[in-house]
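Visitor: Note that the protein sequences, when read in sequence, are chains B and A.
Using my numbering, read the first sequence as starting at 4 and increasing by one per residue.
Using my numbering, read the second sequence as starting at 221 and increasing by one per residue.
Warning: the hint list may mix true and false statements.
A partial selection of chain B residues facing chain A, derived with a Cβ cut-off under 10 Å [claimed, not checked]: (1) F11; (2) S41; (3) A43; (4) T193; (5) A196; (6) L197; (7) T201; (8) A238; (9) I263; (10) V266; (11) R267; (12) Y272; (13) M276; (14) N279; (15) I280; (16) K282.
Keeping only pairs whose Cα atoms sit at most 27 Å apart, straight-line, the calculated BS3-like set for lysine-lysine is [unchecked claim]: (17) A:K511 / A:K349; (18) A:K1015 / B:K274; (19) B:K47 / B:K8; (20) B:K274 / A:K681; (21) A:K671 / A:K890; (22) A:K934 / B:K163; (23) B:K274 / A:K651; (24) A:K934 / A:K349; (25) B:K49 / A:K346; (26) A:K934 / B:K261; (27) B:K47 / B:K163; (28) A:K289 / B:K47; (29) B:K163 / B:K274; (30) B:K24 / B:K163; (31) A:K239 / A:K281; (32) A:K349 / B:K47; (33) A:K511 / A:K714; (34) A:K346 / A:K542; (35) A:K934 / B:K47; (36) A:K714 / A:K673; (37) B:K251 / A:K681; (38) A:K787 / A:K428; (39) A:K858 / A:K397; (40) A:K635 / A:K861.
In case anyone wonders, no lab produced these hints; they're calculated from the structure.
A quick note: this is a predicted structure, and the numbers were derived from the prediction, not measured.
Virtual Cβ for every residue (Gly too), placed ideally from N, Cα, C.
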Amino acid sequence: MTELKHYFAPTSLDQAVECLKDGDVTILAGGTDLTPQSQAGRLKIKHTLMNIRHIPQLSGITLEGKEIRIGTLTTITEIMQHPLIRQHLPVLADACDHFASDQIRNAATLGGNICNASPAGDTLIPLLVLDASVELASMPEAKLYRHSMPLSTFFVGPGKTRRSLCELVTCIRIPLPAEGHVARFHKLGTRPALDISTISIGIAGTLKAGILSNVRVAFGAVAPTPVRASQTEKALEGQRLDAATIEKAAEVAHNEVKPIDDVRASAWYRKEMIHNITKRILSHVAQA
Amino acid sequence: MSVAEKKPRVIELDSLIGKRIPKMDAPEKASGRTRYIHDINLSGQLHGKILRSERIHALIKSIDTSAAKELPGVHVVITAADIPDQRPIGVARDHFPLKVGRVRSERDEIAAVAAETEEIAEAALKLIKVVYEDLPVISNPEDAIKPGAALIHPEPHGADGSHEHLKQGTTIAHKGKPDNVAMTFDYAHGDVVRGEAESDVVIEDTFKLHYVTHCCMGVSGMIAEFDASGNLLMYSNTQVPFLHKREFAEYLNMDPARIRIIQPPIGGGFGSKLDIYPFEVICLYLARAAKRPIKMLFTREEEFLASPTRQPVLLTLRSGCKKDGTLTFRQVHTLHDNGAYTSWGATTPFVMMQTFSSLYRVPHCDYHTAAVYTNNPYAGSFRGYGNLQATFAIEQHMDMLAEKIGMDPLAFRLKNAQDSGETTGQGMVFKSCGFKDCLTTAATRSDYTRKFKENAANRSKPGNIKRGVGMASMLHVGGGAKIYPSDGCGTILKMDDFANVTLITGASEIGQGSETVLSQLVCEELGLPISAITVVNNDTAITPWDVGVHASRTTFIAGNSAIGAAKKAKTKILAVAAKKYDCAESDLDLRGGFVIRAGSGEVVVELSKLLRNLHFQDKAELVMTTFYYEPPSVHQDKGFKGNVSAAYAWGTQVVEVEVDTDTGTVRMTKVTGAHDVGRVLNRLGIEGQIEGGVVMGQGYALTEDLMIENGVMKNPNFRDYKLVTAPEIPEMDISFIESMDGEGPQGAKGVGEAPSICIAAATANAIANATGVRMFELPFTPERVYRTLHGRTPKLYWKPWRAEQ
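With the rest of the complex left out, here is chain B (with noise of 0.2 Å):
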């Protein structure tokens, strides 16, 4: 009893953009959020279920220039095992094992974690903090177009992005981290994994001399969308990692954030971890 009336399956880029022109189009990558969404009737399945995963320059994780490019379709269990990764992007493979279950992770996209917008992404946060940008790819008229936005820019509210529906993501581009760049997630929840999180933070950032630089922070599910904290984000730049500076920093997260209650915690909760995760994160950042 499905509204489905039609599946795709492209075997190249522009079958696939040129098939979303009308926007009347469901996108299949990983499945791993879709398929609980629309069984639970959370979400329609429109008149066409576009099935990616055979176009395969939508896959692969490769070093461009200063960048590293992470195709839509990469599964987070191949993020978190390659081998650039995990040399220059620890942090992001440190998120990869918190997320999900290991069969999940084998099925679930970066692309369509992305794309789920969820506020709790375990993913976002660390690309948040590495300054990724997101490639999008359209055709207008009859020839592929990409452009490419900023991910802090991307997310609108829980399950909203500024994709357009004829619109395909592509791929993360994120600079390759420079000399002295440190980062670091932390992900709460009841469980160490396979939770949704209660409150997540990402903090990266160049350390020289003791002193931290080009600084950002991410908080998830504390907002409708997972943030950039650009208060904390002041606190911190420049500054010396000491203990006055770390309470500081943690003080202006704790009162940043306006999460809301809900089965997960209560708001005050969140604000209290903020403070407390935040502090933590930035002393063993200084201790390291």
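Fit chain A to the known structure of chain B by using the hints.
Guide: Leaving out everything else, chain A in the frame of chain B:
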């Protein structure tokens, strides 16, 4: 066997008891071959689905099923109006399967559809239009007992204001209730006033126990079919086929003899299949109306919404002791949230009062429960049956009293622990009792006393990780429980001409491993390898009567029954052999598939050969025996006193935790358990059962929480209802205390429920040891622990309240 052997062959003495024997159903289950109810399809079957209420508490003004009936592929749509002979079901008969005029909770059944496919049935449900008129929702049991509270089961009044329940003996479903009190329990021994007067220390606290549910891997389901003669065949996951046969007959107004229940392998029971639920009766209504087999399976969400829960309890406990550590009295008041209807959860006081009255020697005990109606989910039976709740309160008070009088918690417990030979205030007789062994074994193996002192001393040291150790003990029935007129089990045993045994037992296998244990007991008696046995245990048309799987009774009761049948077979075989080989029966024995000389082990004859001779002679005979075992327990009197079980199980568990004071996260690092199990029969099976029980207790303590807000379940899914997963399972060190119960099969006692009972209580004690802060409310989620550590949890207090008699 070899005929060339000249020397007399000797069979060495061996035993199956205490060995590690893989469960007989394991290869099928592990390889995915087991056919659960979900895998069974009958020719011509239709699929049944239920429309549940969109409101929590409301009058049903109208139901329009016309559009659903017109949907192609739909065979039958029924509502209460279509079942004029509908009878109330449940423990208090307060519950119509299809709701009449009123819905009282989120899970309430309004209509049902039988259709060609599940999808069509689902689509038909969406076409049914129901008009409701909302009523006030009572979601807190404390509100339910306030004067003037809205009534969940009001007395029906006619247009002229007169009561409409004139018939005598009518049930709550018909006559209603003048208040929201579903059931009350009052028990006492001694004189608590005197006990309190003799006390040097008295403490009183309120404890709050939450909703959890069984989370069986296999969701609920039934397939029902009436044959051309009107006989009913059910494929059902019930734990109590014989009692339910009779109960279904009552609900359908038919002869129980025409009902046959076949139990396919069950994907988990844990007590959840102890009652009859509306979906089962509705499935039968559909089968009757459609004249086709009906298959009805729950979705996972439905399993959460419409399955029973563990009994939530608000409990105020007042306890006292003397300075020398002697317990003086206990006074207990509980408020049970009955939910909208009455199932077995309301009767958990049967077990709870045993723990209060008899786990420790306490001269004065006073116990009161009121189970009250609310618009919440209703609670059923769940492994431990109230004992987790009672133990949670009592074992925290044991630590708190010990602290007040400056006594070591272990020494305090040992001073008050029961011993064998005692008869408690409640009339329970402890013939075998390994409680003190359990306490000392668990404490020694975990190095409890040293850690307890060190942890307390470390509390004020810097660092966010605090270690704690806590202990709790339990008493539970281990030799059945005489609740029904009989607590027995029947066995039929048949041997074939190859000396293979078929054991036909009334006892159901629900994953607990009973099939394997019963096989061991029979093979031990008959000197046969475990491969020589087939078990038939799932068809009421074949198996002899049994009261059902509950109260940790199967090994004890069905085990004794199986041994009884095997002994009769052995007697018959040895008599035949003695005659044939001209010796005394007592000179012979059975071992390794042979009749042997009892003293030397020398082979007399191959058992299969002897059986063939017996069978194919002029006066042919077969070896077939029957046995019915009724335990020597008694029914409780009206004051709940009496020796209700033939044996009692004991256990102590020591839990170690690490509390992260920055987050409130509690990590359970180790559980050291010592269990008086009478005797270990299948070591592999009992280890599995204990480990599984510990994890179930861990979920109850730390992560599982069925959240109900204004009668609405907030998390009917495994994403937000958090079961413990593999990485969180603690290290376990399990010891068995073998007290060799005189009445038990080979000395064994029941252990099925025991391992989950102490974990939450011991965890609370461990958190208190780690942090100095006591937790009175479950579960110990990071947020609750963090709040409590930061003084943001107001002290719970429920003023003891008793329903008017």
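Visitor: Would the hint on T201 (chain B) be counted as holding, given a Cβ-Cβ threshold of 10 Å to chain A?
Guide: holds, 7 Å
Visitor: Between the alpha carbons of K934 (chain A) and K47 (chain B), is the straight-line distance 27 Å or under?
Guide: holds, 22 Å
Visitor: Given the hint that K671 (chain A) pairs with K890 (chain A), does the C-alpha gap stay at or below 27 Å?
Guide: holds, 13 Å
Visitor: Does K281 (chain A) sit within 27 Å of K239 (chain A), going by the straight-line distance between their CA atoms?
Guide: violated, 63 Å
Visitor: Under the criterion of a CB-CB separation shorter than 10 Å, is S41 (chain B) in contact with chain A as hinted?
Guide: With a minimum Cβ separation of about 14 Å from chain A (threshold 10 Å), the hint on S41 (chain B) is violated.
Visitor: When you check the alpha-carbon spacing of K47 (chain B) and K163 (chain B), does it fall within 27 Å?
Guide: holds, 15 Å
Visitor: Given T193 (chain B) as an interface hint, is its Cβ closer than 10 Å to any Cβ of chain A?
Guide: holds, 5 Å
Visitor: Hint check: K49 (chain B) vs K346 (chain A), CA-CA at most 27 Å. Holds or violated?
Guide: holds, 20 Å
Visitor: Check whether the Cα positions of K1015 (chain A) and K274 (chain B) lie no farther apart than 27 Å.
Guide: Holds, because 23 Å separates the two Cα atoms, which is no more than 27 Å.
Visitor: Measure nothing beyond the straight line between the CA atoms of K163 (chain B) and K274 (chain B); if it is 27 Å or shorter, mark the hint as holding.
Guide: Holds, at roughly 24 Å.
Visitor: Measure nothing beyond the straight line between the CA atoms of K289 (chain A) and K47 (chain B); if it is 27 Å or shorter, mark the hint as holding.
Guide: Holds, because 26 Å separates the two Cα atoms, which is no more than 27 Å.
Visitor: Grab the minimum C-beta distance from K282 (chain B) to chain A and call the hint holds if it beats 10 Å, violated otherwise.
Guide: holds, 8 Å
When the structure is compared with the earlier hints, violations turn up for hints 1, 2, 8, 9, 23, 31, 33, 34, 36 and 38 and for no others.
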